[in-house]
Each structure stands twice: as structure tokens, then as C-alpha cells.
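Chains as they are written, first to last, in this note's numbering: chain A, 177 to 620; chain B, 14 to 316.
For the record, the hints were derived by calculation from the structure and aren't laboratory data.
Here the structure is a predicted model, which means the values were calculated and not measured.
Take these hints with a grain of salt, some might be off.
Unchecked claim - Here are some, though not all, of the chain A residues that point toward chain B, as calculated from beta-carbon distances under 7 Å:
1) Val179
2) Arg186
3) Leu188
4) Asp238
5) Asn385
6) Arg386
7) Ile387
8) Leu392
9) Ala393
10) Ser394
Stated by the list, open to error - Every beta carbon over 12 Å from chain A, so not counted as near; a handful from chain B, in silico:
11) Ser225
12) Met276
13) Gln292
Heads up, the beta-carbon is just placed ideally off N, CA and C, and yes, glycines get one too.
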Amino acid sequence: MNVSWLVAQRELKERIKTRSFIGMAIAGPILVLLMVYILFSVGENNKPHWKVLIVDPSGIMDNKILANTTGSISYDFANDYIQLKEFEKSNRFQKYDALLELNEKILSNKAAFLFYKEKPSFLFATTIQFHLERRLEEVMVGRFSKMSVQEFRGIKQPISIAFRNLYDPKNESYSLSGWVGFFFGAVILLFILLFGMTILRSVSSEKSNRIVEVLLASVKPRQLMFGKIAGIGIAAIIQFIGWMVLVSFGLYVMRETLFPDMMDISNWNLGEMANQATSGMEDSLFRSKVYNDFVELIYSRIQFGDMLFFFLLFFIGGYIFYGTFFAALGATSGSENDGQQFVLPIMVLLVIALWAGYYTMQNPLSDITYVLSFLPFTSPMVCMVKLAQGYSLGEGYQIYVSFSILALSSYLTLRLAGRLYQNGILQFGHRLRLTQFISWLKHG
Amino acid sequence: MLQLTSITKSYFQKIAVDDVSLSLNEGEIFGLLGPNGAGKTTLIRIINQIIEPEKGEVRFQGELMKRKHLAELGYLPEERGLYKTMTVYDHAMFLGRLRRMSKDEVNKSLNYWLEKFDIASWKNKRIEELSKGMAQKVQFICAVLHEPKLLILDEPFSGFDPVNVELIQNELKAMKKAGKTILLSSHNMKSVEEICDRVALIHQSKKILEGSVVQLREDRKDGRYAVKFKGNMLAFTHALWTGFELLDKEELSKDRFIAYVAMRSENNFQDLLKTLIGQIEIEAAWEVLPSMQQIFIELVTSK
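The following block holds chain A by itself, in its conformation from the complex (with noise of 0.2 Å):
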């Protein structure tokens, strides 16, 4: 059997026993679910009153939309096309604070465009695109299909809002299934950082109780390290599909118990809404009826099957550039506390790459996302929220690009980690300075 894969297995069994990898399993999940559970439960009440003008100058709406049953978001229909620069300066609009613009082709489409003048919350985002979708609805059935508009919902397509700054239309726009890239890009570079650490410790305590010395009579330094890696690496997987089963079954178990989805008659307890305060029950449809459009943005808008593919793709790609560097700094530090301070350039760098998530979901299309999402230490963040919000036509082939140049980096920081590996890892005692980390750099 392979060395490498030996070293792998016992790295693999040792990560799996331990109380933090357990924890984490279960804590992990828990804190995702809770923050879900938070941001629509909690994070709503505070919200100020938004006003928004749909512009539908082809009247596919009929002036009507779902009524806000919260009062926190309210509709005003122009039936004219309205161009932004007069929306931003003319005083008839300064009381809007967002144009919801409906061209003639939605129904085919299925694109629409929110120009805002202070960026919307999640939550006004995915509630205005949900009163969107909803109000379609209603005019899709009505106007091509036999369909009950509970029937149409089973089958439609859903409705892509995308939302750009008044002020910066060109370059300025998110979209809520950006948050579905950042969230799995940013689980990407979470776990590079937490197994990441894992690799330094492993290392470093593996050379000061000696054991490495034993080992290297039978592995080569860089067998050694890559078993390592990849053992460390399989633990992180085997924790994400822990977390993504325990995370999908707990949204299924919210929306099942602390947010029904009210349209659905079935979920309706005519008892127990009798005994509600009017505005309590509202408030409590709204949310739900929030909850479960988020919950359908997750489950049936993302690309899942893609998604994953490009999630360990990227993620096994970042793992490894990242991870040998980690691996490197435990074999050239001269006891377990040294080499703290090269972690920071790397921390820096992990911080860099959840900016870059966060800018690409703000700039998708702007010069500066398009580079990010080459560079290796970047591309694993930035090419999930790009995949999440969907690559534009004919540009499909920029993330097998960004994923060349990340599997190539890795490459080359595997081989240069495993000569400082090999140089430093039968090195005790010193404090490793930048120096030295050149000079074993150098030597081949």
C-alpha cells in the first residue's frame, strides 16, 4: 500500500476521534441554523419603512402587488418609462428608495432590475423579490395556464432579481444567490483556516516528540506531507458533508415547524390563527413566507449538483495551496510555539479572499472581480459566489480558467513546501527566521 495513504489513514482516524472534530460537526450546524433562525426571526424588527416604484410600463402587473402585510415595504406603480437619472434627481421620486424596473420580456425572461439608493437588508431584498415572484404568479397562471396558482408554483422558474446602485448602475450589483457562493466560499476558507492550523500542529508536534524521525526511515519527507495534507484534507470533506446534511435537514425541520409556509392551505391552523392577534399572525406570515423563499433560493435556484462539483474542486485546490504552506511553517519551526508570527501573512491573505467574496458580490462584473478570480488565493472565494450568481453567456469557461491557475499553483506550492519540509523538518531547537525559511528555500 502506498505510503502516503498509510500516513493519510492514521492522520484521518486520529482527526476523526478527537473531541474538536466532533464538536465542530455539531456546533458548526447548529451556529448556521441559529444564524438563519436569527436573521429572520430577530433581524426584521428594526428594519425602516422602504418605498419602491415599480416601473411597468407594459402593465404586466396590473398595478397590483402582494400586499406587505408588515407595513414595512410599500409599492407605488408608474406605468411610463422613467429614466434613472431623472428617478435619482427629480423631487417627485425622492421619497422612493428603490425602482423596481419590469420590462416587457419578465414572463420569458424571468429578469428584473432593482436600482436602490442605499443597498436593501437581506431580508428587503428577499421580501421584494418574493412579493415579485408572487404577484408573476398570479399573471402567469392567469394569463397561460389552467394551472391553480398552488399548482403553477410546483413548476415555474424562478425570477432572478438583480440589484445595482441608482448611482453606479453599471457596476454596482448583487444578487441574493450571491449569498448562497459567499456562504459556501466562505465555509472554504474557514475550513482551510481551521485544518489548515490542524496540518501546523500536526507537523510541529509530530517533529518535537521525535516520532518524524522514525517515520522518515520509511517516507519520504514530501510522502510524509502530502499524507499528511491529504489525510487532514479528507477530515475537512467528511466535516462538509456533515455540516451540509445536518444544515439541509435543519432547514427542512425550520420550515416544517418554526416557519410553515402559510399559502400552503395545508399548514393553516384555523384554531390556533383565531386565537392570534391580527398583526401577530401577519407578522408571522410574513416571516414564514420570507423564511421559505429563502429556503427555495437554497434549495432550488442554486445550481447544487454544480455547486458541490466546483465546491471541492476549489476547494480541494485552495485546501492544498494553502495547506502547504501550513505544512511547511510546522516543519521548519523549531518547536511547537515558534513560527507564529509567518500564520499572520497567511490570515491576511484568507482575509483578502472573504473581501473578494464580498466585493464580487457587489461588483460582479467590475475589472477588479474579474482578476481576483484568477489569482489562487482568491479564485476558491471568489469563483463560488461567481458560480452562485451565475457566470454571464460565453464566459462559462473563466472558471475552469481560475481553477487551472489555482491546481497549478498548488502545485508549485507543493513542491516548494516539500523542499522546506525536507530541509526543515529534521532541523530542531533554532528560531526560524525569514532568513533561514530563504535559505531552505533555496536549497533543493
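We have chain A; now place chain B onto it with these hints.
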């Protein structure tokens, strides 16, 4: 069995091993001696293919040493460790599998050694539950688990209590008898004297001495003899007269001594015994050979 020819290795312009050649014969215990930092561990790492020499070659059973030969080597490094959270069984299985053993082979060999050392009950204990001495036995077992033809031990006795030193020494002798070759690096000169057939001394990266233990001691003898006797020291001194010189004495009790004597003119050991018989009660008499420790210190300090 193992030939090292003109091995040279330096670390960032500091020479660790300088043109060292050695040859180990099959079925012998070879001692690699030298002060700290002399280059012994570097040499051992080169044999184990952990590091590569800049110059020179290592041959194992006539073939240029390659990684495939590592399965025939056992190695117990000076700085040895164990995975504290693993059980003895898991540890042995992991290291055995790395040495290309099958699971069955590991099981069989591990059971044999655990029973031999009378520690079968430790099999499922975690390493962190073992005492230092216990852990050292496990380390030794892991080094010999795959029945290597060449066993390399770097300071195998350090940290062992005398009982365990004896135990390991006996095992090494038994392995030698079974035709295994053992390369032993140690500062424990008493053990070296007791079990090594030949030794080499490395000092300041160079080999400064090589030979059989017996021959090296013979070559450095200085004509001193020791006599252990019961009687009067004055009577002993008078008996020596002018033919012998009293160099030193140890008082074992009121009337028991060990006297160290050198010959004068043509006198020999037989003459000494003849002179003393009847004057004192001789309990033992022998030719004093320098210990390996003395030779070691003399060579290292004189360079």
C-alpha cells in the same frame, strides 16, 4: 553487508561528515562512537536514506543502497517518539505497515515480542498510559518488528534502567547470533565494550579510528598488571623489590587490596606471580587493558 565509501555531507557550508568510509560485516555488532556533534547521527541518517550525501556511496549487500532496501533496515533513532494517543497495537501496526509488512505479519511479530518481553497486557494501552521505560520497550519492538537484516540503533540504552539495558543487550546478542548485523551508536562505553565486535570513532566529522574492540584495547595496553590479594601491603611492597614498580593501589578492606604494578627490566607476569606467591594470598591477577572509555577520552581530547 554494509559499505560506506567516502561519505561527505555538509549543512549550509558546515561539514557534518567528512570523507568517512566504513564496512560492516554480516552478523557483527558494530559500534559507532564519537562525542556529541561528531557526525554520527548524520551518518546514520544517510544510511537510512533520510538525507543524501553530497559525495560517496552506500552499498547494502553489494547493491547501491536504494529505498527498496529500507524494508531490510530497522532504525531506532536517538530522538525517538511515539504518538501518545495511539495504542501500542495501532502504533506497531502503523510503523509495521510503513515497513511493507502485511497486517498478519505485524500481528504475529508484535505478539511474539510482547510475549518475549512479558508485556502482552500492554497491547491495547495508549502510549500516554505507559511509563518512560515501557514506552522505550515499545520503541525497540517497533524497530525490530519486521525482522530487519541490519538494525541501526542510535543511543539505544539512554534512559533505560540497568535491568532494561541488560534485557536489550541480551536481545542484541541473540540477534547477532541469529546472523543479524547491528550498528550501534552509543556513549555507553561499558555496553560497547561488552557487546560490540568492532568500533569506529568519529571525531570532528572524520573517522579517526576503526578496529575490533579487543585489538584496540590490546594495542593501547601499557604493561600494567593488577593483583587482588589478602594480606599486608608492606609485605606486598617488599616482595616486589627492584624487579617491579608499584603504580597504584586500592584498599578494599583492612587486609584486602588491589595493587597495580609495572614490570621492570625483563620481568613478566609469570615472574610477578612467582615473586608474590608465599608473601601474600593472591585472589586474582590480570593484565590491565585500557577501557573503551579511556581510549575514547584519550583520542578525543588529544585531537
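Quick rundown of the hints versus the structure:
no.: 1; hint: Val179; in the structure: holds (6 Å)
no.: 2; hint: Arg186; in the structure: holds (5 Å)
no.: 3; hint: Leu188; in the structure: violated (12 Å)
no.: 4; hint: Asp238; in the structure: violated (69 Å)
no.: 5; hint: Asn385; in the structure: holds (4 Å)
no.: 6; hint: Arg386; in the structure: holds (4 Å)
no.: 7; hint: Ile387; in the structure: holds (4 Å)
no.: 8; hint: Leu392; in the structure: holds (5 Å)
no.: 9; hint: Ala393; in the structure: holds (4 Å)
no.: 10; hint: Ser394; in the structure: holds (4 Å)
no.: 11; hint: Ser225; in the structure: holds (28 Å)
no.: 12; hint: Met276; in the structure: holds (51 Å)
no.: 13; hint: Gln292; in the structure: holds (59 Å)
Hints 3 and 4 from the earlier list are contradicted by this structure; the remaining hints agree with it.
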